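Since the structure of chain A is provided, determine the placement of chain B on it from the hints.
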Amino acid sequence: MSLATEPKAAEQGFWLTRQYNRLTLRQRRTLMGYIFIAPFILGFLFWWLGPAAVAGYLTFHKWNFLAAPKFVGMANFSKMLGDPILAQSLKVTIIFSAISVPLGLVFAFFLANLINAKFRFIAIFRTIYFLPSIVPAVANAILWAWLFNTEFGLINYVIRAFGGPKIGWLQDPNWVMLAFVILTVWGVGGSMIIFLAGLQGIPQIFYEAAEIDGAGRWQRLLYVTLPMMSPIIFFNLVIGFISSFQVFVSALLITNGGPQRATLFLVLHIWRTAFSSQKMGYAAVLSWLLFLILMVLSFIVFRYIGSRVYYENPGD
Amino acid sequence: MGFSEKRADYIESRRAPTSYGDKFFHWLTVFLLVFFAVVMVTPFIWLLSSSLKTQINIFQYPPQLIPDPIMPENYVYALTYKPFGTYFRNTILVAGLNVIAVVFTSSFCAYGFARMRFPGRDFWFGIVMATLFLPYAVLLVPSFIVFSRLGWVDTFLPLVVPPFFGGGAFNIFLMRQFFRTIPEEIADAARIDGCSEFGVYLRVMLPLSKPALITIGIFTFLFAWNDLIGPITYLRSPDNFTIAVGLASFRSQTDISWDLQLAASTAVTLPVILLFFLAQRYFIQGVVMTGLKG
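For the protein sequence lines, the chains are A and B, in the order given.
If you use the numbering used here, the first sequence corresponds to residues 1 to 316, in order.
If you use the numbering used here, the second sequence corresponds to residues 1 to 294, in order.
Hints were generated in silico from the structure; no laboratory data involved.
Remember, predicted model here, so these are calculated numbers, not experimental data.
All C-beta atoms, glycine included, are put in the ideal place defined by N, C-alpha and C.
Don't take every hint at face value.
Each pair of labels, with its calculated beta carbon distance range [stated by the list, open to error]:
1) B/92 / A/42: 22 to 30 Å
2) A/65 / B/89: 44 to 52 Å
3) A/83 / B/211: 29 to 37 Å
4) B/237 / A/200: 44 to 52 Å
Selected chain A positions facing chain B (Cβ under 7 Å, derived; list incomplete) [stated by the list, open to error]:
5) 29
6) 37
7) 139
Only part of the chain B face toward chain A is listed, based on derived beta-carbon distances under 10 Å [stated by the list, open to error]:
8) 50
9) 84
10) 144
11) 276
With the rest of the complex left out, here is chain A (with noise of 0.2 Å):
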């Protein structure tokens, strides 16, 4: 099939080469442009402007699958402000959030200049660093629930090798949120390679007339890795931000939300709300509301930390 089509006299071939052939060039080029986007353009108003919409709908009804749903005005909306439950989701994502993201930071930073070092056998390291953020979601889960058995875990098994107390750290409220602290910056290879990138990308020179000036290991860091790093750190910080208020997996599958909702993530919330209790107005409700808490986070970052990223060469 040949698809290079010879603009012909406007008046031969079928009807839509014809039509096509009257088009201005701008409009053809519209028309293509079009034509280009159009699986993109389909695919939102039927996957996420459809769905939003009767998440909007959804929002102000009853509605458990079976009977037609029903109308209840603000009551979902009202549900949402007195529940208990969900306030003790929204607590626990939130604190995670506020834990993990600067710890995985800060922690993926330090490895990536770890690993930046110039030695024979470094390529290994980098794979070794890399390697857990490979593991499917749910063999992680299970791992990790082995691993933090209370008799039988490795952790324990260390911790009381050197003398610690026997930890609970699926059973224990208080600790299981360090658990999965651990487990998420265990997992950073990810942000690790893309820092790694950036660090190769800052050139030489910079540290060369740094060093000239009298500078040393910590301020070079400071004044100039710091600064060149700044739009992937941020970069590094949303995308951080976004997955800790996904987490799903770990929390059905390693402690199903417990002990005593110390797990109960929103998502797994949102999830069990609509499909183990049916609800699925009111699921459609708290849907909007993790929604809008991402909207307004992201705001807030690039509102006030994206203003103090530096950029080498902005624009594009």
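Chain B in isolation, oriented as in the chain A frame:
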């Protein structure tokens, strides 16, 4: 002291034997590298070791590092306890269709965003970027309602049809960034030779974008292989389960012992690690492309 003297001093100092501070720093780096390598790798060793233990040995204290006896049978038990062959077929079907969808439609849309000029383009690209930052979790319940109305629950359709519509904002963004690095002159040459826009896309841009296409293909495959929340929401009958759902169902059954859970987990992880070693370049490239060209 002028700059050139400073520079000469500096070069001199680089030639001089490294100071004690430098030596200390070198060994500190080596120590930390090894320390964290041990921290990172221990869970894997522990996983492998536990998966090869007998049901009695796994609860032994202090634990054995090298299992005695070694139980490769655990893998056979684990993978036949549930129909992992069926799960594997389902996963390959879903993942394969996703890869085809993403590779073709995301590059197709990306070509429009990268290389065409038309009113409204920047508006729509803004929408692409907006959906990029909106996670799947937000849409989970609303899309479930839509798909259940379409009668698609307990079929693969909710998992394989949406990717054919643009293949996800993330992949569109990635391909657009890649296309913009290809010189427009190559496309112009093809146009002069009578190539249409579709021809330029299909015969010029796609062949030149192989590394980027392989990268997004691999990431799409991995996502489908690992994804739990989509399949667990839509797939109901065990015949339709993917590997992730099958493995997750191990957890909810208390009668399955740790050694089998861990053997199955290892078996599910191994192909991913294998894929990583086969296509390391594309992995790293993919991660880097997402981070740096934003």
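Now the hints, each set against the structure:
1. B/92 / A/42: 22 to 30 Å: About 27 Å separates the Cβ atoms of residue 92 of chain B and residue 42 of chain A, which means 22 to 30 Å holds.
2. A/65 / B/89: 44 to 52 Å: 30 Å, violated
3. A/83 / B/211: 29 to 37 Å: 49 Å, violated
4. B/237 / A/200: 44 to 52 Å: 49 Å, holds
5. 29: 6 Å, holds
6. 37: 4 Å, holds
7. 139: Holds. Min distance 4 Å.
8. 50: 6 Å, holds
9. 84: Result: violated, 13 Å to nearest chain A Cβ.
10. 144: Holds, about 7 Å.
11. 276: Holds: closest Cβ of chain A sits about 6 Å from residue 276 of chain B, inside 10 Å.
Checked against the numbered hints listed earlier, the structure breaks hints 2, 3 and 9; every other hint is satisfied.
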